[in-house]
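A.B. asks: Sequence:
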Amino acid sequence: MKRLSIDSEDQLHEVAEALLDSLDGRTVVALRGEMGAGKTTLVRAVAEQLGASDQVTSPTFALVNQYEGAEGERIFHFDFYRIEDEREAFDLGYEEYFYSGDLCFVEWPEKIEGLMPDAVMEVRITVEGPTERSFEIE
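The working numbering applies: residue 2 is where the sequence shown begins, and numbers increase by one.
No wet-lab data here; the hints were simulated from the structure. Idealized CB from N, CA, C, for every residue including glycine. Be a bit skeptical, because a hint or two may be false.
Claimed, not checked - Okay, the calculated beta carbon distance ranges per label pair: (1) E129 / D22: 18 to 28 Å; (2) S59 / S9: 18 to 28 Å; (3) D103 / S59: 14 to 24 Å.
Between the sequences and the hints, there should be enough to build the whole structure, so can you do that?
C.D. replies: Structure (structure tokens):
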């Protein structure tokens with residue numbers, strides 16, 4: 002497990018790099034943290050690290066956004082905060098995304114815990130102060 006702490010958003014690229022270095026073949030990343038912890042901001046930093054030029058925003062209402070890296074790799078960004086039942090993830094076709102081999106970031110994975118693949122990277126974000134965050138990458 003890697004633990005990183007940052008004092009400002011300017012240091013987030015270091016976390017993004019550590020996350021990508023720790024994937025070890027995994028493609029689904031569960032992002033855990035309270036509302037406003039910086040889950041979407043971390044996805045934005047990873048997308049930038051991969052050379053994506055897309056505008057990274059929270060897919061709260063769409064449930065999933067797609068971005069493209071510089072090498073053409075697809076990055077999927079899920080936000081399950083608003084779903085009431087795991088069946089909504091089935092309706093979305095989550096399996097096609099999670100088992101595609103493409104990089105998938107999942108905000109609020111606890112809403113679909115029973116559907117998450119076995120080989121998932123866990124990232125826990127803890128708010129330590131107004132601009133301070135700590136990250137545990139498993």
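A.B. asks: Each of the hints needs a verdict: does it hold here or not?
C.D. replies: How the hints compare with the structure:
At roughly 23 Å, the beta-carbon separation of E129 and D22 lies within the given 18 to 28 Å, and the hint holds. Take S59 and S9: their Cβ atoms lie about 21 Å apart, and the range 18 to 28 Å holds. Evaluation of the 14 to 24 Å hint for D103 and S59 yields a pass: the beta carbon distance comes to about 19 Å.
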